[in-house]
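Trainee: Two chains, two frames, some hints: make the complex.
So the sequences go chain by chain: B and P. Going by this note's numbering, the first residue of the first sequence is number 1, and it counts up by one from there. Going by this note's numbering, the first residue of the second sequence is number 317, and it counts up by one from there.
No wet-lab data here; the hints were simulated from the structure. Possibly wrong hints are sitting among the right ones.
As the list claims (entries may be wrong) - Partner residues are not named here, just some residues of chain B that face chain P (Cβ under 7 Å, in silico):
hint, residue
1, T15
2, P31
3, Y290
4, A297
Here a beta-carbon is modelled for each residue, glycine too, at the ideal position from N, C-alpha and C.
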Amino acid sequence: MLSYVIRRVLLMIPTLFFVAFITFVLAHSAPGSPFDKNQNRPLPEATIERLNRLYGIDQPIQNQFVLYLNNLVHLDLGSSLVKDRTVADIIGSEFPVSAQLGLQALFIALAIALPLGIVSALKQNTGIDYASLLFATIGTTIPAFVIAIFAIFLFGVNLRWFPFIGWGNGCGPLPSCDLKRMAMPTVILSLGAMAFLTRITRASMLEAIRQDYVRTARSKGLREQVVIVGHVVKNAMIPVATIIGPATAGLITGSFIIEWMFNVPGLGREFVLSINRRDYPLIMGVYMLYATLIVIANLTVDIVYGWIDPRIKLGR
Amino acid sequence: MATITRPLAGQERAAELNVLVRKQRSLWQDAMYRLVRNKAAMVGLGVIILAGLMAIFAPFIAPYSPTAIPNAANPTINADPFWTGTKYVDPRYLFGTDEIGRDILTRLIYSARVSMIIGFVPVALIFLIGVSVGMVAGYAGGWTDQLLMRITDVVYAFPDLLFLLIIMATLRGTDIGKFGGGLPLMFVGIAIVNWVGMARLLRGQVLSLKEKEFVEAARCVGATPIRILVRHLFPNAIAPAIVAVSFAIPSAMLTEATLSFLGIGVIPPTPTWGVMINDGFVVFSTSPWPVLLPAFCIAIVMLSFTFLGDGLRDALDPRMKI
Numbered sequence: 001m002l003s004y005v006i007r008r009v010l011l012m013i014p015t016l017f018f019v020a021f022i023t024f025v026l027a028h029s030a031p032g033s034p035f036d037k038n039q040n041r042p043l044p045e046a047t048i049e050r051l052n053r054l055y056g057i058d059q060p061i062q063n064q065f066v067l068y069l070n071n072l073v074h075l076d077l078g079s080s081l082v083k084d085r086t087v088a089d090i091i092g093s094e095f096p097v098s099a100q101l102g103l104q105a106l107f108i109a110l111a112i113a114l115p116l117g118i119v120s121a122l123k124q125n126t127g128i129d130y131a132s133l134l135f136a137t138i139g140t141t142i143p144a145f146v147i148a149i150f151a152i153f154l155f156g157v158n159l160r161w162f163p164f165i166g167w168g169n170g171c172g173p174l175p176s177c178d179l180k181r182m183a184m185p186t187v188i189l190s191l192g193a194m195a196f197l198t199r200i201t202r203a204s205m206l207e208a209i210r211q212d213y214v215r216t217a218r219s220k221g222l223r224e225q226v227v228i229v230g231h232v233v234k235n236a237m238i239p240v241a242t243i244i245g246p247a248t249a250g251l252i253t254g255s256f257i258i259e260w261m262f263n264v265p266g267l268g269r270e271f272v273l274s275i276n277r278r279d280y281p282l283i284m285g286v287y288m289l290y291a292t293l294i295v296i297a298n299l300t301v302d303i304v305y306g307w308i309d310p311r312i313k314l315g316r
Numbered sequence: 317m318a319t320i321t322r323p324l325a326g327q328e329r330a331a332e333l334n335v336l337v338r339k340q341r342s343l344w345q346d347a348m349y350r351l352v353r354n355k356a357a358m359v360g361l362g363v364i365i366l367a368g369l370m371a372i373f374a375p376f377i378a379p380y381s382p383t384a385i386p387n388a389a390n391p392t393i394n395a396d397p398f399w400t401g402t403k404y405v406d407p408r409y410l411f412g413t414d415e416i417g418r419d420i421l422t423r424l425i426y427s428a429r430v431s432m433i434i435g436f437v438p439v440a441l442i443f444l445i446g447v448s449v450g451m452v453a454g455y456a457g458g459w460t461d462q463l464l465m466r467i468t469d470v471v472y473a474f475p476d477l478l479f480l481l482i483i484m485a486t487l488r489g490t491d492i493g494k495f496g497g498g499l500p501l502m503f504v505g506i507a508i509v510n511w512v513g514m515a516r517l518l519r520g521q522v523l524s525l526k527e528k529e530f531v532e533a534a535r536c537v538g539a540t541p542i543r544i545l546v547r548h549l550f551p552n553a554i555a556p557a558i559v560a561v562s563f564a565i566p567s568a569m570l571t572e573a574t575l576s577f578l579g580i581g582v583i584p585p586t587p588t589w590g591v592m593i594n595d596g597f598v599v600f601s602t603s604p605w606p607v608l609l610p611a612f613c614i615a616i617v618m619l620s621f622t623f624l625g626d627g628l629r630d631a632l633d634p635r636m637k638i
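Isolated chain P (complex conformation) (with noise of 0.2 Å):
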């Protein structure tokens, strides 16, 4: 007599059959797992989301304001900071003063702001313009491609940083340079120069993917053209893109610092790291301390995210190389 029993599932067949399964894991769940066990990845990770946290409170943790001199009648000029042990150490500032009384430290936490935006918002653009840009043509093929290729190769013969620069310089005058302290414009113009990369990048991954057979059988399934790339080729092709905007977010960063301490970037009293350098520059030889803090905080922020960038890359595609 034939008993009917259920299907089982991989563990209780595992049992049955006295042997050991590994529990399943998506190819994300893979890659989490990989990532976690990078310590320097999880160390850059932990520095990040404490910039973060720094970015978002920084009015409750901040002990003065980050434009207005404290004590303005009688300000404490060029202080040192407490570790220094010099006589012009003032402990109602922990990090110090800059040349015109401003805390040091309060800078510090607000300039995390300035980077924390600069490095999301334009990447944002980034991703979005160059996802669907690459996609479209890696897909569509024909002269939407040729035209894409066409655009990223005059695009590609500009140095980035120069282009800003000169956008910068010229627009930085008008009225929409000024709008929003010279935020806006940075962004659209690290964007500018930042997109056609992602296009390239998953056209190149569409190409090799749209071959494949799990596209095929899509196709011969009736699925449309929306949805073959939404729901099958962007989750294939999106690793190489997170692995790319990881090291996009620095890169965008270190432009608005390098902008900001050339003095074409963002416009002062709003402080950044690079606004801070800029400003200490001059006097850099004889107080020290409100140039070489910025600075490490850029240092610090620009290691943890290739330690993150590394290890997501590791982490997503073992194959990739550099």
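Isolated chain B, as found in the complex (with noise of 0.2 Å):
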């Protein structure tokens, strides 16, 4: 167990140092250069000679690059060529705020996924199985900022029950917040996973139920309480942890979208403008944190998977 954790850590460095390789080449290959932003009162021959050396840029491009690596280990991410900050400071201020949805959504998503599944798979082709099969294939079909696009339409400009611009600032502990603003970026970015969980919950519990393991343990006389929560249920949910790593990069690509069409002054919301405003180096740094995150999340899950199913026979 111990040398697989090591082993997989290990080779999160390659699989890293590639994700920075790749980010490297295409902000090269991205056109112009920093300093010619305004035709129309170019910055004389010195000064951008001058520039050029402070940054690194007359350097060759692998001294380039090995300069790029060093600041990223020592998380010099540069500064935004755009907002006058480092992009380390704007990752600092707006990176809780995408934390805090993404986390809510995860939280949400689990919250009904789970009982939902559970639910459906105990009741096959029941109504309700038919309607959480229904909510998992349209939850999982229909993109994020297509539903997003209707509840704004229904909820906000219609009915007027939710603002849907913005997310109430400089709240602390969650019962301060502006709920009813937070509520349908929060919900609508948990959509996706809550429907996709759903699925994986519902199909796994059904593996499980034919087990000859719970027929054994109906056959020897446990209540039927004992075998659905201490059977069933126990082993139903190891494939679903696996699908939380997924999930988690799905929250977090998601977040880009849902950030951006609510105003919600996040790191993805960053993200998407940086792309706009070509701001290359908060664009490369946001990139290699979200990269990295997910990374780690993958091999999280992975090492619990192993750690909660005996049966897998890790690193072989």
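Mentor: Right under this line is the structure:
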């Protein structure tokens, strides 16, 4: 187990190196230099030369890559080309909002998907099962931004139940937050993961219910509750746990779109804006952060998977 | 005196023996039969065919030009669709006009073109690369297989939408990105992030199939590896790949819609549903229809593909789950 964990953690290094390499190559192939923004008032040659020397752009490209890696390791992500702040500073102030949005969405998704999937498997082929299957199909099929459009139109514009712009600034603990304002972005972000988790939970429960050990548990006279909770649900949760990794990745990429649509002042919105402004250092910095987060999430899930299911032989 | 009778075909022999036999069906006919009986899948297929026809015959059915503003000297801006019945309805534009006066119905119809192209070209690439690499790796084993698995590990670690975002964001301004309205770059991007899934699927299939007796038999009678791969393994391994394709198509379309919606996909004024939503979203709360209609189109097409994909999966491999 320990050697497996160590090997997987070490395997992260080439992956992240590759991510950094691709990011670097792509950023280099982007057109223009950071210092030729204003065509009407070109900078003097000497100034450009000094700026290039200051930022190391006059160096050969392999040296630049080494410099970039060195800076990355020291968490120096450079400065935004548009805002007068460093990338690390922007991430520091805006990531908490995104993290809150994402965690709330993950929590809501789990809180609804798990019971719904379990109940619909226990009551297979009844009304509630069909309803939850319909929900799961629609939720996994229709993209979040399309659902958001319908939701804004219905609940925001027509019924005026929820405000649909912003996040309500500077709230500390949850009860002091503007919950009404947070409702739509959070719930819509959670829908995709929720539908997917419902589907997986249901399928996994149906698989577990038909296992021999469940029949054994029944035949030795255990109460139905004990059979369901202790044997079926416990085993059915194993595949579900592995989905939380991809679901987290989905929440992260989903948050760009949702934050941008609802004007939530988080890192996802900043990322979309920086793409449209071609603020490359910010794009690269946020990309590296999110790629690292997703790699770590997947790694954690793989390790937890081996830990909760002893039948899985890790690191053969 | 013995008479020589010719061997009887199934039906006749059944008549002779006075029993009923079912008409023999191949695996594919069987799958077809199950698919046709699946109502949701058939409705989905119908919608997809309709959208396909719409895409092909767009110039003949669309009333206006998709990019030019009709009556540009005095354009009708933000006309409402006819069913709203407001005073902003203009009978010349059934589905209304957008914020600079272009006909929405026309743009919706032409958008189907981009969606269909994005659905089929990159997925064809994914299928070709994924199937050939996956099958060769699975059959050859050894270092070919090892190399493939290491590459797929790394590509798998990339979150696909994030990777496409970064490709589009950085290369969009270059000549490669501007070529063909941004479509070829998107084809390649989508293919790069998705072929590994297909390759892994086929590799797994071939790994389990190549130990089966029919492959051994083929090898015994001296079939070449190429022949075994193409004639024996391919037809047996292909069913899950077809299911995967039926899900890859809508996912490619969705990628285009998402990127265009974020303003880094197809380059305007080429209409796509994503571009239309992006164009109209700023004034969404006052004039919702230019955004609602393309959103509705995306939802319908996505659902149709899911129904068809689910139907195909049930028809081709009833044992497959989820």
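Trainee: Now, for every hint given, state plainly whether the structure supports it.
Mentor: Checked hints:
no., hint, result
1, T15, "holds (5 Å)"
2, P31, "holds (4 Å)"
3, Y290, "holds (6 Å)"
4, A297, "violated (10 Å)"
The structure shown violates just one earlier hint, number 4.
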